[in-house]
Structure formats: structure tokens, C-alpha cells
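With the hints as extra help, turn the sequences into a complete structure.
There are 2 protein chains.
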Amino acid sequence: MNNEQNKIMIIPLGGLGEIGKNMTVFRYGDDIIVIDAGLAFPEEDMLGIDLVIPDMTYLVENKDKVRAVVLTHGHEDHVGSLSYLLKQLNVPVYGTRLSLGLVEARLKENNVSGCSLIPVKPGDQIKIGQVQVGFIRVSHSISDAVGLSFKTPVGTVVHTGDFKIDQTPVDGKIMDIHKFAELGDQGVLLLMSDSTNAERPGFTKSERTVGAALDDAFRAARDRIILATFASNVPRLQQAVNSACKYGRKVAIIGRSLVNVTTIAMELGYLQIPEGVLIDIDEINRYPGNQLLILTTGSQGEPMSALTRMATNSHRVVEICPGDTVIISASPIPGNEKSVGRTIDLLMRQGAHVIYERDTGIHVSGHASQEELKLILNLVRPKFFIPVHGEHRMLKLHAKMAEELGIPRENIFVGENGQVFEFAPDEGKMTGKVAVGKVFVDGLGVGDIGNIVIRDRRQLSQDGVLIVVVTLDKQKGSVLAGPDLVSRGFVYVRDSEELMARAKEKVADVLARCETAKITEWASIKSQVRDVLGKYLFEKTGRRPVILPIIMEVDKE
Amino acid sequence: MNNEQNKIMIIPLGGLGEIGKNMTVFRYGDDIIVIDAGLAFPEEDMLGIDLVIPDMTYLVENKDKVRAVVLTHGHEDHVGSLSYLLKQLNVPVYGTRLSLGLVEARLKENNVSGCSLIPVKPGDQIKIGQVQVGFIRVSHSISDAVGLSFKTPVGTVVHTGDFKIDQTPVDGKIMDIHKFAELGDQGVLLLMSDSTNAERPGFTKSERTVGAALDDAFRAARDRIILATFASNVPRLQQAVNSACKYGRKVAIIGRSLVNVTTIAMELGYLQIPEGVLIDIDEINRYPGNQLLILTTGSQGEPMSALTRMATNSHRVVEICPGDTVIISASPIPGNEKSVGRTIDLLMRQGAHVIYERDTGIHVSGHASQEELKLILNLVRPKFFIPVHGEHRMLKLHAKMAEELGIPRENIFVGENGQVFEFAPDEGKMTGKVAVGKVFVDGLGVGDIGNIVIRDRRQLSQDGVLIVVVTLDKQKGSVLAGPDLVSRGFVYVRDSEELMARAKEKVADVLARCETAKITEWASIKSQVRDVLGKYLFEKTGRRPVILPIIMEVDKE
Numbered sequence: 001m002n003n004e005q006n007k008i009m010i011i012p013l014g015g016l017g018e019i020g021k022n023m024t025v026f027r028y029g030d031d032i033i034v035i036d037a038g039l040a041f042p043e044e045d046m047l048g049i050d051l052v053i054p055d056m057t058y059l060v061e062n063k064d065k066v067r068a069v070v071l072t073h074g075h076e077d078h079v080g081s082l083s084y085l086l087k088q089l090n091v092p093v094y095g096t097r098l099s100l101g102l103v104e105a106r107l108k109e110n111n112v113s114g115c116s117l118i119p120v121k122p123g124d125q126i127k128i129g130q131v132q133v134g135f136i137r138v139s140h141s142i143s144d145a146v147g148l149s150f151k152t153p154v155g156t157v158v159h160t161g162d163f164k165i166d167q168t169p170v171d172g173k174i175m176d177i178h179k180f181a182e183l184g185d186q187g188v189l190l191l192m193s194d195s196t197n198a199e200r201p202g203f204t205k206s207e208r209t210v211g212a213a214l215d216d217a218f219r220a221a222r223d224r225i226i227l228a229t230f231a232s233n234v235p236r237l238q239q240a241v242n243s244a245c246k247y248g249r250k251v252a253i254i255g256r257s258l259v260n261v262t263t264i265a266m267e268l269g270y271l272q273i274p275e276g277v278l279i280d281i282d283e284i285n286r287y288p289g290n291q292l293l294i295l296t297t298g299s300q301g302e303p304m305s306a307l308t309r310m311a312t313n314s315h316r317v318v319e320i321c322p323g324d325t326v327i328i329s330a331s332p333i334p335g336n337e338k339s340v341g342r343t344i345d346l347l348m349r350q351g352a353h354v355i356y357e358r359d360t361g362i363h364v365s366g367h368a369s370q371e372e373l374k375l376i377l378n379l380v381r382p383k384f385f386i387p388v389h390g391e392h393r394m395l396k397l398h399a400k401m402a403e404e405l406g407i408p409r410e411n412i413f414v415g416e417n418g419q420v421f422e423f424a425p426d427e428g429k430m431t432g433k434v435a436v437g438k439v440f441v442d443g444l445g446v447g448d449i450g451n452i453v454i455r456d457r458r459q460l461s462q463d464g465v466l467i468v469v470v471t472l473d474k475q476k477g478s479v480l481a482g483p484d485l486v487s488r489g490f491v492y493v494r495d496s497e498e499l500m501a502r503a504k505e506k507v508a509d510v511l512a513r514c515e516t517a518k519i520t521e522w523a524s525i526k527s528q529v530r531d532v533l534g535k536y537l538f539e540k541t542g543r544r545p546v547i548l549p550i551i552m553e554v555d556k557e
Numbered sequence: 001m002n003n004e005q006n007k008i009m010i011i012p013l014g015g016l017g018e019i020g021k022n023m024t025v026f027r028y029g030d031d032i033i034v035i036d037a038g039l040a041f042p043e044e045d046m047l048g049i050d051l052v053i054p055d056m057t058y059l060v061e062n063k064d065k066v067r068a069v070v071l072t073h074g075h076e077d078h079v080g081s082l083s084y085l086l087k088q089l090n091v092p093v094y095g096t097r098l099s100l101g102l103v104e105a106r107l108k109e110n111n112v113s114g115c116s117l118i119p120v121k122p123g124d125q126i127k128i129g130q131v132q133v134g135f136i137r138v139s140h141s142i143s144d145a146v147g148l149s150f151k152t153p154v155g156t157v158v159h160t161g162d163f164k165i166d167q168t169p170v171d172g173k174i175m176d177i178h179k180f181a182e183l184g185d186q187g188v189l190l191l192m193s194d195s196t197n198a199e200r201p202g203f204t205k206s207e208r209t210v211g212a213a214l215d216d217a218f219r220a221a222r223d224r225i226i227l228a229t230f231a232s233n234v235p236r237l238q239q240a241v242n243s244a245c246k247y248g249r250k251v252a253i254i255g256r257s258l259v260n261v262t263t264i265a266m267e268l269g270y271l272q273i274p275e276g277v278l279i280d281i282d283e284i285n286r287y288p289g290n291q292l293l294i295l296t297t298g299s300q301g302e303p304m305s306a307l308t309r310m311a312t313n314s315h316r317v318v319e320i321c322p323g324d325t326v327i328i329s330a331s332p333i334p335g336n337e338k339s340v341g342r343t344i345d346l347l348m349r350q351g352a353h354v355i356y357e358r359d360t361g362i363h364v365s366g367h368a369s370q371e372e373l374k375l376i377l378n379l380v381r382p383k384f385f386i387p388v389h390g391e392h393r394m395l396k397l398h399a400k401m402a403e404e405l406g407i408p409r410e411n412i413f414v415g416e417n418g419q420v421f422e423f424a425p426d427e428g429k430m431t432g433k434v435a436v437g438k439v440f441v442d443g444l445g446v447g448d449i450g451n452i453v454i455r456d457r458r459q460l461s462q463d464g465v466l467i468v469v470v471t472l473d474k475q476k477g478s479v480l481a482g483p484d485l486v487s488r489g490f491v492y493v494r495d496s497e498e499l500m501a502r503a504k505e506k507v508a509d510v511l512a513r514c515e516t517a518k519i520t521e522w523a524s525i526k527s528q529v530r531d532v533l534g535k536y537l538f539e540k541t542g543r544r545p546v547i548l549p550i551i552m553e554v555d556k557e
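Protein sequence lines, in the order shown, are assigned to chains H and A.
Going by UniProt numbering, the residue at position 86 of the first sequence is 86; the numbering climbs one at a time, nothing skipped.
Going by UniProt numbering, the residue at position 388 of the second sequence is 388; the numbering climbs one at a time, nothing skipped.
Note that these hints are calculated values from the structure, not bench results.
Check the hints yourself; a few may be wrong.
You can't tell identical chains apart in this list, so a pair holds if it fits in one copy or across any two.
[Stated by the list, open to error] With a cut-off of at most 30 Å between alpha-carbon atoms, the simulated DSS-like pairs for lysine-lysine come out as follows:
id: 1; residue 1: K535; residue 2: K87
id: 2; residue 1: K338; residue 2: K438
id: 3; residue 1: K504; residue 2: K526
id: 4; residue 1: K540; residue 2: K87
id: 5; residue 1: K504; residue 2: K556
id: 6; residue 1: K506; residue 2: K474
id: 7; residue 1: K205; residue 2: K338
id: 8; residue 1: K7; residue 2: K121
id: 9; residue 1: K433; residue 2: K65
id: 10; residue 1: K526; residue 2: K556
id: 11; residue 1: K540; residue 2: K63
Here's what the structure looks like:
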């Protein structure tokens, strides 16, 4: 038995020190199990980027050792990069039925086929390589979420996944707290636990409390109700449907992602809509407003979403009317506060009554707050602890809580993506590092956009571009055509004819000087054009467009 | 007496239905008084824009009637567009000393001279045209803030300015609640009141409570303290200085805006720093860490600010060390949550102990919460009410509160920028509209950047630009040079030589076809190039760069 057999390695490839693109390597000996394969949405300075996925180099390099991917739940930040992984690695994927249902649809979209998706049930134990993997039911803002246990000869590792402890979940299926307690009794070497809400004191409220708030809103509404929430929040959708049924409303669904999720959730039995309640969106005009609930996407004020289109009065079917009640059953994800506020304002200006975050009880988080995090720590009583899923300050705070609960400081590890954590029965340490990073997906390109392109886009976005074209005589170096100036995003040329005319003269001067001085290297000519023009334009406008001189050459003989 | 003499007109040019660029026209007969002249910071989709100011057309068109600008306080969103206004209109500006001190510095920066700045004291009454203007002390997150009263034969108008009701202000100068009560007793025709915090229940805490929290933090700190707050929050700075003195720390100040404000505030006596306490930033290494307080900008995670530079380890003087306590005494302005979070994380990673919003009491708002808003409404008992300064939903909520307090619904006006509100002794109504809008300041240009340029910048920022240049023979239309392709922000060409080579062939094909078909109109050639190339590139990359075909012509004969 070589040394590798005596230890467990944990390597987060994403999700440590950040919210999003969760992906963690569990390695025991020659068996690698990948926990989740998520994506992140681009930060605002990642111009033009569609998605961000983890750098999977470590997995590709250790291809022969990767035995499986295990999924905790079906949110994009946990399954969204799976299709990119499976294009490079043909490994089985284990997950609960709803998770796999959502994954399947996404794989199809991305033209990934021939994958082995293996459904598991909460409570199942599966042998993967030498590791016994257990799936433990947890509560979260999507159905069918699980935490994970990994039993090895070295010890047991527990990963909570994203979770909260909901004592009254909508589907009645309470988190398997017993299992966490049992594992704790048997002895747990390492716990990894969700830190998303580590900054929030107390307990997160039950999803069911939202049902009561929805009921109140439904009772008060006199006309149509339009409800926006996260497409994947099946328990929330179920509660909205329940209220609709209670108050005699038909349900129409708008928005591609919501239609996808509800279709899958209904097929798999996670969302129950009684016969005759669901109607097509094009049928809504057949019913009076007080018999309608429209479920829609756009709770984050996303520019292209159905709710935003309604707010800007550009939706194909739904026009907001005075009397409509719009319920935004979500809170803005950090960064989206302004777009959500704008959407609310636009809806109100059209006369809608808007119920939003400010209104108590209309949304609850899907993540455990401080007291829940402490409870899990106390139940599992791990020897070692790694707070996961969260930005650095959340991890730190979670670590501090663990310390307060009696875990020795030296047994708690706050790390970052790429950090290798090694555990033996009596030892835990942070050792080396593996390559990690943000891989940008832009259109069809994966990883082909790097810092240079992003920097160029940023510069273009600030002051636009000015292109200078000139055709020179190959023999004499004299100007045959141009210089012509074309700009985009710099000044609107019709307003600035004089500026552009003078700029052209400046370039012509440079070219004449170069000809006289017999300067023929294009690089030198271009750099002089850039300098003179850049200086002139900054002086006149205070702006620094990207200046692109292009020289062409024609042989006149 | 013509009809105009019997009414008061209120026309918000900025700040209604938005946070920022506050500017309101008060007009009685032929006397126009401008309340504040603020700016707004660009939204994230206003690419490359530096500032946003109100459209001042109405004032320019009524130049001869504008008697004065009156300022409520010195925040940028109330005084930041004054230099642009004064470049077009030569009118006196009334304000309290600190407001004018800040304005003066800004006017100098913008090369605006010869302005008449007239200092007033809270409590002063000044006759402007036929209007008696009163300045009423209020509490806010800057010293020397005032509300305004306008007495006319038609009735009295009260404007709160930005305010909160602080029972224990740091400078001991309590808001002149008596004056609001007195005006209410005498009868007020119209109240305009700050709606920024209309969504917050209860009372806003006193600024003084932050002093206690700072004191706690100072007591616990063992090494340097670095404190970031809004540069203009003089009461906050005073409390930080007080704590520094109490715990024997010297004070160094970093960041241009903070140096400006503190210099002015000290000169004018609003900020007291005892002799020998203030040291130059370059002297900090002479003192042990536990004898230092560094005041800095960057509480919003602004990319170029001093704190952000420290966080990214790129500050000229201050390097963050383990043991440093960093206090971010501010809450993120909506939209800045992510950059503030990032800054905190970076500081923590360098070992600093960071005290931030999550830590109770380290910041309080400068705006009145619901109970304070109700108190003012009850004190002033206006006949008519316009909620001002706030996004639409805040105005609506503030209006609802007023209605609950007994103001008839028809006497409450929720409007938007440009709306003309007219008031006679017994009548209030919304009548016409004047031109308003966002004027973009970009570099030296004011208002020359419109939607087309912004749209171009947005497109450039998404997928970059691809320029296609070709030189044609003037007589034959045949290609003399090119086509050449140059890209920026699209793909990094070294990685995509094949793509670009194929794209070039596509263009060459189009040009050959055009030559054969004797198509000579450049517009038609260009549009064919754009179509063919756009389609090809989207198919290959899923991206849509801006394609700019440029044709040059050379006469070979």
C-alpha cells in the first residue's frame, strides 16, 4: 500500500472564496470523485462573457482516476459546468432524480450525449471505487437536495451541500438530521459545510412561511397576479400553485427556464398542478383577471426576462394593467439590487401593485444561518473542518463559529480554490496547490478569451475606437488614399465634423513628415499616428479612444 | 397682476423617481429659485460616462427669471452640477458655510470663476425676488445641512432637503424641529420631503451611536487602525478623530477627496483636530502601529481609491499587515455590494481584521426612516404634499404614509422629473411637462454623448470589433490591396489564425463576386461583407463583433 492510500485529499476547483462555480475534488488513493460541477455568472467587468466555469485541468490530467461526479442538487452553480466536464471526461454522474432531470435537459441543449446518469435516492449508499458514498437529504431552495458522506478506511468525510434546516418543508420531507447525528456518533474526520449565510444571525425561516405570505397576497388581490421567482425553486412554485388553486386561479407559465423546470418537475412528480389548472399563456385573455396567476422569470431584473419585458411594456402577451398584483418572491442577488429596483419602479409606474422584498415574508433564503451552521457542527462533531461555498469573509466567520464550538483552531482550514487539503486519521494539513482559475465561456468559445481580449473590450467600452486607414505607394511611400477616419463609440461623427476634420489633418501631417524623413517602417508610422492623434483628441475631448492605425500598400507600377 | 402671480410652480429637473442629481425649480411669478444642483454617478450601462447631470434647458430658456440657487447641503448629488449651471447662468448661490466651502473648491477645479457665493446661517431669512427664503437646520450625514421654506403671498412651501432627526448630533446642534412646528402652525401650502429611506421602518439611529461603536473598535485594536468612510461625512470623521485622541493615536489622512474635505472642514471649524494629532501620511512609519489612525477613502470599493489600492497591495505608502484593523464605516450604496465585498475579502486575506457593515453599529444612515418622515408630516401639516428624492417605489410608499396621516389622496402628488406642479391657495395640480433628461459628462464633453454612442460602446464591449480594410482600383473596381482584417476585443488573433485566415477568404470571395457582378456602390459592398462575415463568425464562434468594412480607392492611372 503506497502512501497515497493512507490519506484523503480535498481539492476545491471552484466555490472556495467565492459564491458560484462549485466543484470539489474528493480523492482517496487512486479514486477521484468530483463533487458538483457548477458555473458562475460573469462579474460586471468580464465584458461580453456568457458564463464562467472552473479550470478542470486537474481532472483532465488525472482522467484515469476520475470515477464519478456526484451532484448535491440541480442549481446552475452546482451542475452548470457538467456539460463542459463531460465533453472531456466520460464518467458516470450520480444525482437525485430532479437534479438529473435538470442536467439531462442542459446536456441536450449543449449537444452532449451518451452520458451515464445514475439516479440515486436520499438515503442511498453507493460504492464508488473504494469509497462508500452516502446521499443525505437536506432542505434547500430546490427539491431533492442532498448532502454527501464519503466513508473510507482513513475516515469519514461529510459535505453538507447547500442546505438549510427546514422543520416544515413544503414537501414534508424533512432533512435527515438523524443521519448527520449518526455520522457524528460514529466519528467524522472532516466536515465541509455551506458558508453562504454565515453572516446571518439566527435561523433561516421555513419555506412554508412564504406560503402564508403568498396566501395573504392572493386573498387581497382583486385582479391578475403575476409572480416572479427563481425558476428552480420548485417548493416556491408549488406554494404559488397551491394558493392559486385555493383562490380559484388558473396558472400560466412564462419564460423559457421556468417552462423547462416546471415541465421536468411535473414529469418527475416534484410539482403537482391539478388537472385543468394549467393553461397556455396564449389563453390568458379567456379568463378574467381574478382567475389568473401568471408565473414568470425575471425576479432578478434580468434584461431579457419576461418580467422585465412586461415592465418595459414589450412583452408579446402580457401587458401590465392597473390592478395587477406583481409578486417578486425573491431577494436580489448581490449586484442585482439596481436592476430589481428599476423593474419594480417600472411596474409601479404602469399601475401595478408590487409586493417585493421589503414586504415581510415574501421570500426566505435557502441557506442555513448561524444557528443552523452551529447545529450541524455540533451534530457532526468533526475532527477537521473546512468551511466551503462562500466568499472569504464568510468562510472566516464560519471558521470562527467552529472554533467557538470547540474545534481546535489548527483543525480548521480556510483555504482557496486550488488548495490541496490532506487528511490522515490523525492529521490534517494544507499542502500544495493545483492550477485553478476562471474559464470564460463566450459564445461557442470555452477558455479562448483571456485577459488581453477582456482588457481590449474594457478600453473599447470606455471611449470607443477610432480607426485610421491610409493607403501608401509601395515604391515612394507617398499617400495614395486616405487618411480616412472611422469611429465607433467615441463621438457621434455628425456632431463632431470639425474635430474629425482637424484630426485627419493631424494624421496627414504625420504621414507627410514620415515621407519626408523617409520613415518607412509601419510600426514607427503607426506609433507616431497614435501618439499625435491620442494627444490631440485627449486635449480636445478628455477621452482616450482606442486608436487603430491601418496601413495598406499599393504597387502603382 | 397676471395669472402667473397667483400661483407657485414646482418643477423637479432631477431627483424625482431617482436617487441623485437633485435639482428643483421653485417658481413664483417671474421669480425662479433653483433648489440644489446635483449630479448622479453613471449607471453601469452608461459605458465610459464620468458623470450625469440634469438637463438644464428650462433654466437656460428662463435665464432672465432665475434669481438664485439655494443649496441644502454640500453632497455631490446636491451641488455637483453647480459648475455646469454657473457656466451658463450667472446667478448668486446661497448656502451654508461648509456647503459653499465645498462648492468653491469644486468650482475652482472646473475653472468657473467670478461666481457670487453668499453664505447664510441656519435660521436666516433672505428675500430673493418676491420670495422670503428661510434656511432651517436639519441633521444629515454632513455638517451644516438645511431645509428650506419659501414664503409667498400664495402660501408657504417647505422643502426638507436631505435629513434625519438626530436627537444627539455630534456637533450638538439639534435639527430645528421648532421651526418646522412653527411653520406648521402658521399653515403650510406644500411640503416636499426626502424619501430616500421611506422603505425603512422605525427611526434612524443617531450618528452618536457610531461613536460608541468606533470607541469599542479602537479599544480592542492592538495595531494600526485604518478607517474608511464617505469623505464628506464630517461628523463621522470627527468621531473617529475623537476616538483616536482618546486612545493616543495620531491621525493621517489619505485620498484626494478626503484631504480636500478635511482641509475645508478644518479651516471652517467644522472638524476639530487637536494640535499635533494630524501627521503627514509619509510620517506614519515613525510611529508604532498602536499609535496610528489612518483615515482613507474607498468605503465603496471604488477601483482607484486608497483603500482598494491597499487591498490589492498597490498603495504607495500603506501596506496592509496582519494585526491591522480596518474599519469600513459605511454601508454599500446599492450597486456597490460586490466591490465592497471584494475589498473586504482582499483585506482579510492579507491578515487584516476587518470591521464592516455586518458588525452592528459601525454605520448609520443620514436619512430619515418612516417614523421620522411621519413626524415631519405631522409637524408641518401641509395642505399639499410631494414626496421627493427617491426612486418611484419610495415616493409611492412615502405618499401612502402621508395618506395614512390624513392628507387627502388628491392632495398628494407622486410625479417624475419634468412634471410641472402648480399650486394656488386652494388648488394643487400636475399640469404640463418641461424637457428633462440625463446629460452625460464624458471627459470634457457635456451632453455630446447620446444613445448612439452608448449603444456602440455597449456593442463593442460585448464582442469587440473587427475591421475589414480593402483598397480598390478606382477604374476597374478590382482589389489593389487587402482585404486586411484587424480585430480588438473579439478573439486574440494569435490564438485564431485559422479563423482569421478563413474570414479573409470569405471577404475576398465577396469582393470578387462584387467585381464580377460590377457592383460598385460601396454601401452595397460593405453590407455584403458585413452579412457574410457576420454569419460566418457567428457560426464559428457564437459571437457578434461589430464589423466595420472600410473601402479605399486608388486611381492607378
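Status of each hint after checking the structure:
1. K535 - K87: between (49 Å within a copy, 26 Å between copies)
2. K338 - K438: Close inside one copy (26 Å) and across copies (17 Å); limit 30 Å.
3. K504 - K526: Answer is both; intra-copy 14 Å and inter-copy 22 Å each pass.
4. K540 - K87: Only across copies: K540 and K87 sit 18 Å apart there, 52 Å inside one copy, limit 30 Å.
5. K504 - K556: both (24 Å within a copy, 23 Å between copies)
6. K506 - K474: So K506 and K474 pass the 30 Å test inside a copy (22 Å) and across (26 Å) alike.
7. K205 - K338: Both, since 25 Å and 25 Å are each at most 30 Å.
8. K7 - K121: within (28 Å within a copy, 74 Å between copies)
9. K433 - K65: This pair counts as within: shortest intra-copy Cα distance 18 Å, inter-copy 71 Å.
10. K526 - K556: Result: close both inside a copy and across copies, 22 Å intra and 25 Å inter.
11. K540 - K63: For K540 and K63, the Cα distance is within 30 Å only across copies (28 Å; inside one copy 58 Å).
Figure legend: structure checked against the earlier numbered hints; every hint is met.
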